[in-house]
Every structure is written in structure tokens, then in C-alpha cells.
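Those sequence lines, one after another, are chains F and D. For the first sequence, this note's numbering assigns the number 1 to the initial residue and increments by one for each residue that follows. For the second sequence, this note's numbering assigns the number 1 to the initial residue and increments by one for each residue that follows.
Worth flagging that the hints you see were computed from the coordinates, not collected in a lab. Note that the structure is a prediction, hence the values are computed from the model and not measured. There's no promise every hint is true.
[Said to hold, decoys possible] Simulated pairs of lysine-lysine, DSSO-like, Cα-Cα distance not exceeding 27 Å: (1) D:87 / F:86; (2) F:88 / D:11; (3) D:70 / F:86; (4) D:26 / F:92; (5) F:86 / D:19; (6) D:70 / F:92; (7) D:70 / F:88; (8) F:88 / D:5; (9) D:21 / F:88; (10) F:143 / F:482; (11) F:86 / D:5; (12) F:497 / F:482; (13) D:76 / F:88; (14) F:468 / F:425; (15) F:82 / D:87.
[Claimed, not checked] Computed Cβ-Cβ distance ranges for the label pairs, DEER-style: (16) F:8 / D:54: 40 to 50 Å; (17) D:30 / F:309: 52 to 62 Å; (18) F:119 / D:54: 14 to 24 Å; (19) F:10 / D:80: 21 to 31 Å; (20) F:206 / D:80: 45 to 55 Å; (21) D:49 / F:55: 35 to 45 Å; (22) F:10 / D:52: 38 to 48 Å; (23) F:130 / D:30: 37 to 47 Å; (24) D:80 / F:130: 47 to 57 Å; (25) F:45 / D:19: 15 to 25 Å; (26) D:54 / F:278: 36 to 46 Å.
Ideal Cβ placement from N, Cα and C applies to all residues, glycine included.
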Amino acid sequence: MKIIDKHIKEIEKKIRDAKKIPEVEEVGTVHEVKDGVAILAGLYNVAYGEIIEFDTGISGFVIDLSEESVGVVVLGDFEKIKAGDKAKSSGKQLEISVSTEILGRVIDPLGRPLDNKHAYKKDKSYPLEKIAPGVVYRIQVNKPIQTGIKSIDALIPIGRGQRELIIGDRGTGKTTLVVDTIINQKKEGVICIYCVIGQKKSKIATLIELLKKHRALDYTVVVSATASDPVALQYLAPYAACAIGEYFLDQGKDVLVIYDDLTKHAWAYRQISLILRRPAGREAYPGDIFYLHSRLLERACRLADKYGGGSLTALPIVETLEGDVSAYIPTNIISITDGQIFLETDLFNAGLRPAINVGLSVSRVGSSAQTKAMKQVSARLKLDLAQYRELAAFSQFGSELDEETRKLLNRGAKVTQILKQDKHKPYSLAEEVSVIWAAINGYLDDLNLSQVDEFEKKFLNELTSKGKSFLEKINKNKNLEKKDEDELKKLVERTVKAFKP
Amino acid sequence: MSIMKINTVTKQEIKLFLKKKLEDEKNKVFVYSPYSLSKEEINQIFEIIPFLKVRPVENIIDRQILAGIKVQYGSKILDLSLNARLKNLASRLHENN
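Please work from the sequences and hints to get the whole structure.
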């Protein structure tokens with residue numbers, strides 16, 4: 001009896017709390033229902049982007065305002081809406097409720113939970129569409145995001161507040177790369193938001209299991225709009241992810257937002273625009289396809305301390321077809337972002353994983369977003385790799401080359417081998433610096449190419465067992481002084497001795 | 001089969017006529033009630049909303065409302081019917097569970 005009493009009391013409280021003042025509502029009637037879009041008559045006083053509620057319980061938002069009708073994108077099952085249905089305006093623009101309880105959850109772009117748990121508590125409502133922070137609010141990007149992947153942290157460093165595009169064909173390791181970055185943020189205090197647009201549900205399920213396994217879900221939010229979700233949700237997903245990121249940004253935290261992927265986002269927007277009979281441009285994309293992505297990516301920033309001091313880093317992913325980076329959407333996003341990481345199928349199939357083409361990849365923030373320790377080793381690394389690339393064509397001649405060329409080719413091959421990395425095994429800063437230091441100082445030159453992997457494993461074992469304090473010191477100071485180099489030299493030489501008895 | 005051509009002048013006149021009819025509809029105030037209201041009752045409503053006094057009024061009978069009235073002007077509607085309040089309550093209880 002007591003439980004029923006409690007429920008009755010709750011219901012009474014709800015009835016009492018209900019607003020007594022009747023409100024004037026804006027209503028309209030559905031005239032047409034197209035694939036994902038409903039055309040309504042009435043609603044004479046709605047604004048662009050306002051949320052409309054159909055009387056069947058489904059909501060939508062205004063995307064088209066013409067003289068006699070209003071076009072509303074349906075955020076749900078549009079098949080349940082028929083002509084003649086009534087709808088009313090909520091008076092609110094598109095927004096998502098956020099709080100710290102959102103961490104670890106899987107939600108849809110409207111904030112509804114998808115992980116079979118209760119709805120999270122609401123602290124604030126953040127608008128999905130927002131003008132990016134102005135020039136005055138920003139400062140220079142000079143703190144790194146440690147991805148844990150050697151080739152990125154050394155050669156294409158990403159800073160907090162930067163936008164770095166990850167571009168490649170299907171199956172080249174784009175998602176694996178970002179998942180490894182998320183896993184590596186465990187001790188960095190960076191909040192990660194993974195936005196899924198138009199992907200397979202099975203892929204998301206595997207991804208969430210992987211994040212749970214590495215205990216990365218505690219500081220991650222997954223915003224999901226998979227391929228079978230309504231196209232309007234796929235259109236809104238990146239903006240919802242950015243809005244959640246801005247909630248944490250306003251608290252002075254560092255946020256990493258990943259958009260996987262923006263190609264499917266462009267397809268969703270193209271579908272909506274074509275249904276609304278907007279003029280089709282190149283490749284049938286609407287005229288504002290650039291603005292679609294530029295207004296999203298411009299919201300990534302590093303705020304000055306006066307305005308909170310947080311940062312929002314964006315890692316958009318774009319899938320190319322047959323490596324064509326000069327297609328419409330890739331070129332658009334390349335011109336918006338502060339650099340790109342090219343992943344190539346040829347390199348992937350040849351066993352170089354992560355399949356990053358170091359020559360074509362660039363980070364426009366560059367070494368200003370690197371720690372001192374990394375800067376010291378990456379300068380020589382870049383030189384070795386550049387010389388190797390130049391002479392790569394000559395490697396076919398084998399023994400007919402002179403000593404100098406052979407040395408450079410050998411060094412380049414070893415360095416390339418050391419930059420390979422297994423998936424889901426991110427390195428800490430100290431481990432990266434140590435391994436690269438060993439490579440550029442010639443300790444690998446005398447080994448066979450096939451022995452480099454084993455040497456690396458033994459070296460890392462040595463570091464974690466006997467060099468623990470050394471690793472902690474480098475991770476803390478982020479600098480490689482003379483005595484650190486001496487200690488590192490001792491550790492490397494010990495590994496070399498144990499390797500070649 | 002012959003194709004009928006509409007005189008352009010006639011076409012324009014029809015367009016203007018229809019537009020005026022639409023304007024008239026938009027300008028009307030619709031009062032939905034479960035039973036037909038007398039003039040005094042309608043006047044009582046408009047005492048509270050003086051803005052609507054000068055507009056033409058049409059009283060539509062809708063038993064679905066159960067009790068109360070709905071006042072509609074253009075696309076704005078003031079829903080004071082019992083039906084709407086019950087629906088509101090039902091949806092709020094539903095989302096709680």
C-alpha cells in the first residue's frame with residue numbers, strides 16, 4: 001500500500017506543479033508529408049529553427065518558411081504523420097539539455113538515452129546552433145593533445161583548440177585512430193565526445209564495448225545518429241555534439257569532439273535540401289554545403305583565460321572514394337581545418353599501420369603544440385624521413401649505391417618501422433620520446449628490419465621495469481635535459497646488449 | 001479535345017477574389033465550444049481579450065472538447081478546453097514513467 005501512496009502523492013504533486021496559466025499557442029495543419037519533411041499550413045508566427053510538436057508526440061523543427069507554408073523536418077518516424085494532423089510550436093529553438101551526468105552515456109541528438117538507462121539529469125540547455133566565439137575571445141593553440149600514436153605526436157602534432165581532418169578511403173584506420181586518441185585521454189583530463197553520423201549500428205556497438213574495455217567511457221559521450229535513423233537526426237548530430245562540448249568548454253575544461261563522419265552528414269543535408277526543392281549545385285549538393293561545415297568547425301577554439309580558458313578540439317573524419325581528395329566535400333573541409341592526416345590504402349596494405357602518408361599530411365599548428373621533449377627528437381626524425389623519401393626510389397638498386405646513400409636508406413627504413421604501431425595500444429609521452437630517441441641516435445641501424453619490433457618491445461619492457469622513475473619524470477616535466485639523455489642512453493645500451501648476446 | 005485558355009484578366013480577378021477570401025478567413029475569430037454559445041457569452045469572452053472584439057466571429061460546435069472553449073485567431077490558438085488539459089496530463093504522466 002505504501003508504494004501506491006507514494007506514487008499517488010507524486011502524481012498529485014505533478015498536477016499541482018502544472019502551469020495554471022493558459023498559454024496562446026501557435027498551431028498549424030499538415031498538408032503534405034514527404035520523405036522526412038512535412039509541409040504545414042498555419043504557423044504564421046514561427047521563426048527559423050523553432051521546434052514544432054505534432055499531436056502524435058513526434059517533434060520536428062522549422063527549416064523552410066515560405067509565403068503560404070512552413071517546411072518542418074521531422075525528428076522521428078515521419079510515416080506516422082498524415083495530412084490533416086495538427087501541430088503546434090513550442091516557442092523554443094533547437095537545444096539539448098546537458099549536465100555532468102551525460103558523461104558515459106550514449107544519446108541521440110535530442111538528448112534521449114540509447115543505452116537502456118534512465119534519462120540523465122538536466123543542468124542547462126545549450127542551443128544547437130551558435131555563432132562561434134569571436135577573435136577577441138581566442139588565444140594561440142600551444143598545448144598538445146597527446147594521441148598516443150608516435151607518428152602523429154612527433155610529425156603531425158595536434159594542439160588543444162585545433163581542427164585536424166582525418167581523411168582516407170574506407171578501411172584505412174580512421175576510426176581506429178580516433179578511438180586510440182580517446183583511449184589515451186584517460187590521464188589527460190580531456191573530455192571526449194564521439195559523434196556518429198550515418199554509421200552502422202554494429203560498428204557503434206563494437207566501439208562502445210571497446211571503450212568500456214579500456215575504461216574510456218567514463219569521460220566520453222557518444223552522440224549517435226546511425227544510418228537507419230531519420231535523416232534529420234543525422235543532420236543535427238554534429239551540432240548536438242558541439243553543443244555538449246561547449247557546455248564543458250564554458251566550465252574551462254578541454255574537450256575533444258570527433259565527427260565520424262562528415263561525408264555522411266553532407267549526404268543527409270543534401271537529402272533534406274533536395275526534398276525541399278532547393279536548387280541543386282555541384283554533385284547535387286545545395287549551395288550552402290560549405291557553410292554547413294564551416295559553422296560547425298569554427299566553434300572549435302581555445303579560449304583566453306579571461307573567458308574561461310577551456311578548449312574545444314575538433315577531429316572531423318571524411319571518407320574519400322578511391323583516394324580522391326579533390327572531390328567536393330573533401331576539398332571544402334580541407335580548406336576549413338587547420339591541417340589533415342592522410343591515410344592511404346596502399347600503405348595500409350603494405351603493412352604500414354597507422355597508414356599515415358607523412359609527406360602529404362600536415363598540421364598547421366605544428367611544433368608550437370609540442371612539448372619540449374618531443375620537439376627535440378622530432379626535428380631529427382623529420383630530417384631522416386625527408387631524406388629517406390627523396391632517396392626511396394633508389395632503394396631498388398641495393399648494393400650498387402654508395403655508402404652514404406645506403407646509410408640514409410637504412411636509417412629511413414628503421415625509422416619508418418619504429419613509427420608503426422599496433423592498434424589500441426597508445427604510448428605515453430615519455431615512451432614515445434624514448435623510442436624515437438633510440439631510433440634517431442642510430443641504435444637500430446645495426447639491427448635487421450625484422451628485429452626492430454622485438455627490440456621495441458624489449459626496450460619498452462626495460463623502461464617500464466627499470467626506468468619507471470625516468471618515465472614519470474619525463475611525463476611530468478615534458479622536457480629532455482642532458483642528464484635525462486644520459487640515463488636514456490644507459491637504458492638503450494642495456495637493451496641492445498641483452499638483445500645481441 | 002480543345003485546350004481552354006483562361007482570359008488573363010479573368011485569371012487575375014479570380015486570384016484577387018481568392019486572396020481576399022483567404023484574408024477574410026485569416027481575420028476571423030473562431031470560437032470552438034461543446035454547445036452553441038449565445039451572444040452574451042461570446043461578448044463575455046471578448047471582454048477579456050479586447051483585441052478580438054472588432055473581428056468577425058464564428059462559433060463552431062465541437063463535442064470533442066468536453067468542456068471549456070478554444071479561441072483561434074489566424075494560427076494562434078488559446079486552448080482552454082478540458083480535452084486539452086487531460087491530454088496534457090496524460091502526456092506528462094507518461095513521460096514520468
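Verification of the hints:
1. D:87 / F:86: At roughly 14 Å apart (the allowed maximum being 27 Å), residue 86 of chain F and residue 87 of chain D satisfy the hint.
2. F:88 / D:11: violated, 35 Å
3. D:70 / F:86: Satisfied, since the Cα-Cα distance of roughly 14 Å is no more than 27 Å.
4. D:26 / F:92: Cα-Cα ~25 Å, so holds.
5. F:86 / D:19: Holds. Residue 86 of chain F to residue 19 of chain D sits at ~23 Å (cutoff 27 Å).
6. D:70 / F:92: Distance ~23 Å between residue 70 of chain D and residue 92 of chain F Cα, so the pair holds.
7. D:70 / F:88: Holds, at roughly 14 Å.
8. F:88 / D:5: Given that 27 Å is the threshold and the Cα spacing comes to 41 Å, the pair is violated.
9. D:21 / F:88: Since the Cα atoms of residue 21 of chain D and residue 88 of chain F sit roughly 24 Å apart, the hinted pair holds (cutoff 27 Å).
10. F:143 / F:482: Cα-Cα ~24 Å, so holds.
11. F:86 / D:5: With a Cα-Cα distance of about 38 Å, the restraint between residue 86 of chain F and residue 5 of chain D is violated, given a limit of 27 Å.
12. F:497 / F:482: It holds: about 23 Å lies between the C-alpha atoms, which stays within 27 Å.
13. D:76 / F:88: With a Cα-Cα distance of about 9 Å, the restraint between residue 76 of chain D and residue 88 of chain F holds, given a limit of 27 Å.
14. F:468 / F:425: holds, 18 Å
15. F:82 / D:87: Since the Cα atoms of residue 82 of chain F and residue 87 of chain D sit roughly 20 Å apart, the hinted pair holds (cutoff 27 Å).
16. F:8 / D:54: 40 to 50 Å: Once the Cβ atoms are compared, 48 Å apart, the range 40 to 50 Å for residue 54 of chain D and residue 8 of chain F holds.
17. D:30 / F:309: 52 to 62 Å: holds, 56 Å
18. F:119 / D:54: 14 to 24 Å: violated, 48 Å
19. F:10 / D:80: 21 to 31 Å: With Cβ atoms ~26 Å apart, the hint holds.
20. F:206 / D:80: 45 to 55 Å: holds, 53 Å
21. D:49 / F:55: 35 to 45 Å: Taking Cβ atoms as reference, residue 49 of chain D and residue 55 of chain F lie about 24 Å apart, which means the hint is violated.
22. F:10 / D:52: 38 to 48 Å: Holds, at about 39 Å.
23. F:130 / D:30: 37 to 47 Å: For residue 30 of chain D against residue 130 of chain F, whose Cβ atoms are near 39 Å apart, the range 37 to 47 Å holds.
24. D:80 / F:130: 47 to 57 Å: Distance hint for residue 80 of chain D, residue 130 of chain F is violated at roughly 37 Å.
25. F:45 / D:19: 15 to 25 Å: Hint holds: Cβ distance 20 Å, inside 15 to 25 Å.
26. D:54 / F:278: 36 to 46 Å: Between residue 54 of chain D and residue 278 of chain F, where Cβ atoms are some 41 Å apart, the hint holds.
Consistency note: the structure conflicts with the earlier hints numbered 2, 8, 11, 18, 21, 24.
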